[in-house]
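> Heads up: the protein sequence lines correspond to chains F and R, in order. Each number in this note's numbering corresponds to the 1-based position in the first sequence with 1118 added. Each number in this note's numbering corresponds to the 1-based position in the second sequence with 10 added.
Derived from the structure by calculation, the hints contain no laboratory data.
Covered by chain R, per the in silico footprint, the following chain F stretches (three or more residues, Cβ under 8 Å): (1) 1465-1471; (2) 1487-1496.
Here are a few chain R residues that sit away from chain F, every Cβ distance over 12 Å (derived from the structure): (3) N26; (4) D167; (5) L171; (6) T178; (7) T183; (8) S195; (9) L211.
On a predicted model such as this, the values are computed, not experimentally measured, just so you know. Just so you know, even glycine gets a beta-carbon here, dropped at the ideal spot from N, CA and C.
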Amino acid sequence: MAVLRARKTNNEADQPSSPVLRFGSDKPLKLDAGTLLSPFQIAYQTYGTLNDARSNAILVCHALTGDQHVASTNPVTGKPGWWEVLIGPGKIIDTNRFFVICSNVIGGCLGSTGPASTNPATGKPYGLDLPIITIRDMVRAQQMLIDHFGIEKLFCVLGGSMGGMQVLEWASSYPERVFSALPIATGARHSSQNIAFHEVGRQAVMADPDWHGGKYFEHGKRPEKGLAVARMAAHITYLSEAALHRKFGRNLQDREALTFGFDADFQIESYLRHQGMTFVDRFDANSYLYMTRSMDYFDLAADHGGRLADAFAGTKTRFCLVSFTSDWLFPTEESRSIVHALNAAGASVSFVEIETDRGHDAFLLDEPELFAAINGFIGSAARARGLSL
Amino acid sequence: MSVNRDQRVDLEVVANLIPPQSRVLDVGSGDGSLLELLQDTKQVDGRGLELSQRGVNECVARGLSVIQGDADKDLEFYPDKGFDFVVLSQTLQATRNPKLVLDELLRIGNRAIVSFPNFGHWRVRLSLFIQGRMPVTKDLPYSWYDTPNIHFCTIRDFVNLCDELGATVEKATALDANGQKIGLSMPWWFWNFFGQQAVFLLKR
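Could you build the full structure based on these sequences and the hints that come with them?
Structure representation (structure tokens):
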């Protein structure tokens, strides 16, 4: 089963089951690394209908291990879209009203050009021959997709975590194309602690003998153990101590007593092993390296002479930031410093901190206060944009 | 909120001072009543700063542009003259450093509008003078030990502070216990005695 899915992931990289937009040598993607990526492709999903004025488009940016299947069944896992609680007909982001676009980021593994994609120069997967991808590169590619739809100004760009970084980059790089921006549980830079956790994950992948210097496909292997460990470590950072303890405590897994060995005695161990195992079925290890690196490199203030407010100078975009009390990956202070920068830039900004013990992952869950904030913000922005109810 | 919500007769007085389409920052925006009133009747570009997270979340859910923050700490992040009007309604007495806050309001806004409960009102004086107790009124419903209001002032005190900060009083209104405006021709001492709330329009 795992092997079958692995093959499926690999196929999705070149021939995704979602729509895909291919750019030839006439339209290369300029990368921050200083090179051009060409040819390249963007896999995407859309929901709803673009109105005649092309003013009702919402771009959803996915997180580290997310994909374009935001509101429809994932072709690899068979599970519902990752934000179906929020997006769909009659939902908070109502696809009867809005045209929702979500694309797989460049460097991803579900159809947009990434390390698992075939390198046209060699006929083999790129592996580590793909240049390092930055958040800005991802946004630049998304911008070319938006051009393809003939959309001049997006009604809203939203996303959480790495998706939130893209939202900030969009608002900073293309302010005239973003009417409203909704970055959730994110930061304007990756903190030292966050880089540290990512490095642990990357080292776990690279320490797996099946990684083969990134050329594992050529060896008919995948560094599943390393990637699973990376996911296990990362997963802890997405939760909170309180939530873990509430959910698992010190409960034992399918046994009455400790075994005095290294089996998964505790439920939490079994849970993490499961998280690691299911992750490798749907994600490419090299892509994980590239994605984590893109977040590590993100520092919006540094791109603007060290002053974050300058990233948003003169912006007319309406912002709403959301953070969660128990998120220790992107604590409230990260959002607050963005809010202060936006204030200094004279921007229109709302900021909501939501009380929850569900940690960073709260943005993906059914959080009524999050939905109320999104609903209020989108509603007032829609009125200001003249979009009928 | 630092005063009884049902008694916000000052909101309309504040709203009447603000011309349509102004850029307004409401410091201590509470449940967003003033911002909503201004958006509905004056189509202002309104922003709010509110201490209570619950208040903020409710405001944002209602489509208002509000952030959580503290008037004592967070005003420094706003640019000079970023707004036409900065409103501080019924919040001054709850700030830690009213002088600094007022100074910031005058920096951020072309004009500042400040409303506050007058501690010189005769009922307050009566309570202290006759009963020897800290006053608890409809407007100031808290006991001394649980009140968020830590820096009360009278209308006269406030006028003195404005002088110290080099602020010009462009307009002042005092409201009596029934929310009625007290005649403009009346002298300061009369306002200070019968005004239950005061609303000042300031410029520097």
